Structures are given as C-alpha cells and as structure tokens.
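Student: Below are the chains, spelled out letter by letter.
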Amino acid sequence: MSTGMSAGTREHAARPATGGWRGNGRGHGGVAARRALVRWAWRLFRRDWRQQILTLGLLGLAVTAAVLSASVASNMVPLRAADFGTATARIQLDGPGDAGIAAARKWFGTIDVINHAAAPVPGSIQTVDVRAQDPHGPYGRPMLRLRAGRYPARPGEVALTDHAASLFDTGLGRSLVLAGSRLTVVGTVENPSDLSDTFALVAPQAHARAESTTILVRADAERVASFRGAGGARPTVRERGRTENGAAALVAFAATTLTLLLVAFIAAAGFAVVAQRRLRQLGMLAAIGATARHLRLVMLAGGALIGGIAALIGTAAGLAGWFAGAPWLEPAAGHRIDRLAVPWAIIGADVVLAVATATAAAWWPARTAARVPIVRALSARPPRPKQAHRPAIAAVLLLMAGVGCLALGVDTAKDHANPPLFLAGTIAIALGILFAGPLAVRVFGGSGSRLPVAVRLAFRDLVRYQARSAAALAAISLALGMAVAVAIIATTAKHPAAEGNLSDRQLLVRIGTTGPVVPERTPAQVAGLRSQVDRFAATLPHSSVVALYAAVGDEDRETSHGKAVRPMIGLGRHVGSNSFRDVGMVYVATPDLLRRLRLTPRPDVDVLTSQPGPLSYVNAARDAPTPRTEHVDVPRYSSGPSTLITPYGLRRAGWQAAPVGWLIEADQPLTAAQITAAKHMSVNAGLTLESRDEQRSLATVRTVATIAGALVALGVLAMTVGLIRGESARDLRTLIATGATGSIRRTLAAATAGGLALLGALLGTMGAYLALFGAYVRHLGMLSHVPVLSLVATVAGVPLLATATAWLLPTRRPPALTRQAID
Amino acid sequence: MTTMLELRRVSKVHGAGAAEVHALREVDLSVHQGELVAVMGPSGAGKSTLLTIAGSLEEPTSGEVLVAGAALSTMSRHARARLRRRTIGYVFQDFNLLAGLTAVENVALPLELDGLGAKDARAAGLAVLERLGLADRADRHPDELSGGERQRVAIARALVGERKLLLADEPSGALDSVNGEAVMRLLRAACRSGVAGVVVTHDSRLASWADRVVFIRDGRMVDQTVAPAGPESLLEPGQKA
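Taken in order, these protein sequences are the chains called A and B. According to this note's numbering, the first sequence is numbered sequentially starting from 3. According to this note's numbering, the second sequence is numbered sequentially starting from 34.
Derived from the structure by calculation, the hints contain no laboratory data. Since the model is a prediction, treat every value here as computed from it, not as a measurement. Treat the hints loosely; a few may be bogus.
What the hints assert, rightly or not - Just a sample of chain B residues kept apart from chain A, beta carbon distances all over 10 Å, derived: (1) Met34; (2) Ala52; (3) Glu53; (4) Val54; (5) His55; (6) Asp61; (7) Gly77; (8) Gly133; (9) Asp169; (10) Ala222; (11) Asp244; (12) Phe248.
Unchecked claim - Which stretches of chain B does chain A cover? Using the computed rule of at least three CB atoms under 8 Å from a CB of chain A, they are: (13) 81-94; (14) 126-132; (15) 146-152; (16) 234-243.
Built from N, CA and C at the ideal position, the CB exists for glycine as well.
Can you build the whole structure from these sequences, using the hints too?
Tutor: This is the structure in structure tokens:
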C-alpha cells in the first residue's frame, strides 16, 4: 500500500484526539474547504494563465465558432414569413377570386388578400409581379417593408423594390408605365423575408385585372383542409409548415459538441501539463491534510475556470462577430436579419458545454495528480512511467471499436450518418490515439540508439517523462489527425473530370432559376431566348446547342414570387424510410438528346440513367408509377443529361415536356472569358447560366485545415517542450560539465520538439486514415485520392518546423540550473 | 506522560532487487507530549524518511506507527489526511508555502480544509502569526517575505489548530544561523506548551535545543542521548521543560 495523495474508501479509523477546532463532520471540510480551494485555484489561474493560453484559446475559439455557426445557421434558413407573413396557410385562386375571397372570409373570418398580375418589362421577356396588398394587413405585414417614401395609397401610385426599379429604369418620385397605365413611384419597398422578391406594390384593390389571388389565413390544418372555394372546389392550399431554423441551429450545435469533444482531448493534455507543473504545490496541500478530493477539486476548479472564461470570451467574440457580420450575410441569406434573433438557448447550451468540457478534460489529470505519492509530489518528480502494454491493448480495442462504429454508422453511398454511432466512432478513435501514445513514445524513445548523444538523450527523456510527453503527443496527434482527416475528405469530395455538375466543355443555360421548377413561357418567348443562346453559341468554335426539356405534371402549377411556375419531376434514391436523395437534373429524352448521347431506349423503358440502384419519381403531385429503368453509359454529370425520362415514361405517367433550357457544348474546355461572355448573355436575356464548378473552396479547406492543425501542434509543443527539458536540467548540467558544447541545449530542445511532432504527425495521420477507413469502408476507392501536399506538410513540414523553431528559439535556461523558484 | 508519537520496529525499503535500498531498519522511537526530540545523522541515513513516515506522508514497509495513540496502518488515506489537518504539523526545509496564498491564508488553510469558515480560520491564523511576531506580515505573499519569515509562517501553519505533534525536517537548513536559532526557539516554545516535537537537523548546536537527540546511521538508530544543556539554558536557567 502506498501513501498516495488519493483518498481511500475506508473510514473506520477513530477520529484523533486533538484539541481545538474539531473540523467538519463529513471529513472533507464542506463548503468552507471547497471555497478555500476554489479561491486558491483562482489565484493559481491568475498567476499561471499564460501557461494555459493555448487551452484557453482553443476553447474560446471553439465557443466563438459555435456561437457564430449557430447564429448563422439559424438565420440562413429561408423564412416562411416571406410567403406567409404570420399566416399559417395561403390559398391560391385564379383571377381576382372574388367568390373565393367571400367564401374564405365566411369560413375563416379574418383573412388577408393579395392580388397578383404580371406586368412585362419593356424590352425584355421578363415580367414583374404587380402586387396589390394592404401593407397593414392582418397577416401580410411581415412581407412588406418600406425603405423610402411611402406606401401607395390610391390608384396611380406604386412602390417598387430596388430590382423592379432598375428593371424599369425608374426611381422614387419618377413615373413608369405598368401594363399600359402610368404610375408615380411613391416609395421603395422590399419583402424583408425575401430580398430576391421583385415586385411592384400598388394600393389594395388597385388593379381589377388580377391574374391570381393569394389569401392568407390563420387556422388549424384541419380547418384549412376542409375549406372549399366557390362552387365547392378545393383550391390550391399551401401550409406554412415548420420552420427549419431551429433544426439548422441544432445541427450547428451537434457539430459544436463534436468539436468541443475533440478540443477537450487537447485541453486534457494542457491540464496534464498544468497538473505536472503544480505537482509540488499539490504535494504541499496534501502534506497539510488535503484529501484526494480536495486535490482533485483544485484541478477541476481550474478546468471550470478556464472553461468559464473561455466560454465568456468566446461568446462575447462570437456575438460581436455576429453583430458586426450579420449585415454582410443578408444578401446571402436573402432576407433581413434581426441581430438579436440568435438561438439564445443553444448559445447558452454552448457555454454550459464549454465549461463542462473543460472541467471534464481536467478530471483525468486531476485524478492522476491526486494519486501521486506525497513525498514524490513534494519533490516535483513525475509519477514513474507505467507499463505501456495495457494502454496499448486499450488503444487497439478502441481503434477497432471506432472503425467498427464508423463503418456501421456512416453510409457514404447514401450520404447518411447515424449520429450516435458516428460520435461514438470518432471519440473511440480519438481515445485510441490517446492510449496509443505511451507505447508510441516508448518505441520511439528506444529507436534512437545510433543517433548522436543529444538526440538520443532527448528521445529517451520522452520516455522518462512519459506522463507529459504522452499527453502532449495525444494533443498533437489529435490536432494533426483532424487536419489530415479534413484534407482527405476535401480531396475525396473533389470531382474527377468525368463527374461533377458539368464537363468543362459544357454550359447549361436555364430558363428561370436553379430551383426544381420550370417558369411558364410562351413558345414565342422560348424561341426568342433560343435565338439568343444560338447567337452566343455561334461565337464558340465547333459548338452545338441541344434543347432540354423537363417532365412536368399536366395540372401542377405553383406561384413563386408572383410568377407561375411548374414543378419538375425528378428521380431520387431512397436514403431513409421516407426520404430521397435526388440524382441530379432529369430531362426528357428528346430525339435530339438521344441522338447526341447515342442512345436508343427500349420501347418499354421509362427512364435511362447512368445512376446505379433503384430510383423513384419525386416531386410529383400525384402518385407516379415505379419507373422501369435502363442503365446507360453516359457521363454522370449532376446537371447534365445523365438521367432521362423517355417519351414512353412521360405517356405512362401522364406528364408533359416543358422547355427548361439549353446545353451548349464546345469541343474544347471553355475559357474564363467565354464563360464570362455567357454570363453576360444570360443576364441580359433573363436566363440562368451554369458552368463547371471547379470546387476551388476545397483547396482552401485543405490549406486552412493543414495550417490550423500545424499551429495547434506547434502551440502544444511550445507548451510542453520547455517543461520536458526543464525536468532534465541536471542532465544538461552534467553534459556541460563533461565538455558538451553550448549548442547542446538547442539540440536537446530541437530533437524533443521534432521527435514529438513527427510522432504526433504519424499517429494523427494513422488515426485519420483509420477513421476514414471505417467511414468509407463501402467505397475504399475514394481513399485513393491522397492529399499529397497536405500530408507532406503535416508529416514532414510540421516536424521540420518544430525542430527549426526549437533550435532557433531554445527554451529558457531551466531555473533548476540556477535557483529554485518559489512555487 | 502521554506518548504522542510511537514508532515500533519501523522499516522502509525503497526499490526492489539490485536497486533495493533500506532507508530505515526496525527503528523504535517514542516521543512524549511536551518533548522535543532531535534526529541527527549523515546524509542518506534515513532521517527524512523517518519524519515522512511519522507524518503519514509515506508508509513504512513494515512496523507500526502510532500518532496520539492511533495506528496509522489502520487508518484510511482520508483519515490520515484528517490527522495531518488536525494533529500533525509538518515544517519543511524549503517552507512549502503555497505561493498563491498570503501568509495568513497559508496558516489558516488546514483549518479551512477542515471546514472552518474563512473568517474564523483567518482569525485563528492571525492569532498564531501574532504569537510568532508576524502579524504585520499576515497579508504578504510568500515571495514578499524573507527566508526567516517564511519559515516562521510555515511553523505557524504547523501549529495552528492546537496540533499535538510537530515534525520539522531541517527547518533551519535554508536559513542563516540567527534565523535558524530563532526557529529552534519557536519549536522549543511550542513543545513547552504541550506539543511533542521531532526535528531533523545536521547541526549539533541546534540539536542542543532538544530534550533528547537520536542518532541514525544507515537506517538504524545507533544512539540516543539526553542533550546537554543548550543555549536556552544559559538564557533562561531552570525554564527548560
């Protein structure tokens, strides 16, 4: 039995017969003792906070990222208020809908009516939605915001959105001709929940020739469903549905939790170093009667303090970043953002999580420090290195369990992950790396027998001071492992030349936007657009143009931003019991397209596709038959014609072909200038252009991840190398006394830093590949895409940088060489 | 007279096999209430080991240690920690004051750890510091005190709460001769008030303050003598306990 600083469980000893204060009956000193220890922990933090700056910084950064990502995620989701205001449902009627309005008023009581008519933009095929809406209507108020001037109040007045004003080349105080009527612009308006909403606002009931009418109502789903319009017909009704911003913020929170868990491992290494630094003081505390629980409390309070301060700083920084950056996000979000509309509950949860994470990270070092025998602690000697075989066995088991969890929990084919299994797998692999540290240090330490004495000594000291070096190694491995994993994932996400959205020789010119809807155009309008596309294509050498059609339901019509659109029929693959992942754009197999792709479908086939596996129709208003598919060997571009519905398929499902755009294909990769010219043509014609996505952001992700991992690793090294070298100050003195040159200290520090960095890089890379092996086990071929530059930077660059930095900036002369500092 | 510390055939072995070192070999020692015992011997003789075992900081390989009649071997670690808070005061050569706490907070710490409120603990700490002539240094941090003052603070911490056993390991080792004698005077005074004391020292002049001197060599107790009348007897004849 050793006299450690830890408390046993036996409580059978008689209380010693001593005079004076008899102490707290429970034996741990109760609140008074805890208060004294927390006070001391706070003082220690105030003295030593610089030594914990890395842990503090990492936790603070994680909290900042968490607050920012939760705020951004919850505010980037499209707002239901854009179409519904505060209503729960909108009823769509054709024409002015007077009878329907009367029926709705009778059925629902309070309603809000918005009339629509499309007005052509002079010199363009585009139209603008002329909207007659009461700005102070009971439900539609959040759909309007006056930015300048006033709302139109009488016939002959109009308020325009910025885009509408630019289309008509007019502005506040000027006039315009709208659908044959001259109107004065009295205000500038916007839909604050949808900044892309382009419309001209006129006074309520100002135009009698409404093409469609929207009625906003507030009622439960059952009442809305039972509403019948004029003549008992069921009108088109859209329910508001549930808002998704909470779900988006929750996803951000889940990502935060995972990040904080990984940061916790690095923090644990930092706390292990702190525990070693404080070992002597903890020994003193134990010598005057502190129990193991007291000792643990000091460390845990330190962890909680760091977590709390990091949470405060991180939250403040995150909120400051949010308040400063929110206006810049509005164009991307497509709506006005209320700065205070952040998910406060999730931010609160992030703060609690940060404190809990830091406290939990301090627990193991606290437990270890509390178990060090008092006399050993008083001499500030670290605990003897433990046998490495047990942690090694644990490491192997954890790594196997982690790979298994990820293999079971991640399905890359369906792009689907089981969160608990994914989390368990990631944590198991992180823990596996942690437990692999002692064995790796030992193997590494024993490998330098033929190296110069300073390097040999440095490597052996890593083994001697295994508690510190293994903790640092775990932190470095995790930081670099995460960076390598991100780099590999980014590399696997890079499309090969034969995949992606389009080939680099193709341009897709779409009528309307990129949503799964087809705007309604007259044949004359389509012919006009085609001629502009043809004119552009003629500027490209050896190019061709193929008209693309989408399948649409005969009676499926919707209104989007006041314009009539028809939902496109798509094809999807089951990824859940009731969810699909679409296979990209689906076009109608016109003779022109079939000729171009050199395809001849069998007469009884509905769908020709290059996608594997069974597919189902999606986005159809009514039940669609299960498609009979035929696999064809065509390039698998997601926006290109890789999945086609045959005329037979159209007939069988009762659908029609509607023009959706044109595919321009050149015989050479398109230049940037050609793509820019195509963009200009598209903008002028009111079309949308799509070219090959070069995924440049993936390279940025790889670079940022590699640099971030390297910085964290170097930070951990800066925190620990000096400590490890300080331990062996006596050896250094002996070396100098026996004639070693002055550069020996540099060599020792450089070899320690370089050795730890190399070992960390190797372990981290191994961990990353093991994790990804599990995740990609069904598609191991994806791991053949190796991020060579990132790996070289991690495995060679970081150790070299660490070695060079430690050589150039040697650790301070250890105090033990001169005098003993007061703890 | 009550025996406050009793070591019965205590042995301590460090390491194993070829690296085995016998720090103590079957040492017997009794220290009574009010008695000050000095332990002398060459370096590596086992003096400090004897003290750490007596102070429950370390456990013997064999033998029995009794403090205030209670056998340490029957106590849980928790109970031993409580013993160090309430009964045993330990003074280290290098003071071992917690740098983050002021002098009075260092002194009051064992009481606070034992559950006494901060205000009461501070009052008790101040009282002891005042007895030791350090009341005006109560709110200074250790790095603002001289070596002698630090050791007096350490002694105050060892005395606070009416301890019964005072163990001092080379308490004057880091001090000059004047401060060293002052420290011994304090220890002597503490013992006069009823505390049993054990002091490890190299210095025979300081050992002469003790009632009894125990010699240790190679882990064995080789001799024990009643110390000749020390300097204190010259100053205060007939006052020595």
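Student: State for each hint whether it applies.
Tutor: Hint check:
no., hint, verdict
1, Met34, "15 Å, holds"
2, Ala52, "12 Å, holds"
3, Glu53, "16 Å, holds"
4, Val54, "14 Å, holds"
5, His55, "17 Å, holds"
6, Asp61, "21 Å, holds"
7, Gly77, "15 Å, holds"
8, Gly133, "3 Å, violated"
9, Asp169, "21 Å, holds"
10, Ala222, "17 Å, holds"
11, Asp244, "22 Å, holds"
12, Phe248, "23 Å, holds"
13, 81-94, "holds (count 6)"
14, 126-132, "holds (count 5)"
15, 146-152, "holds (count 6)"
16, 234-243, "violated (count 0)"
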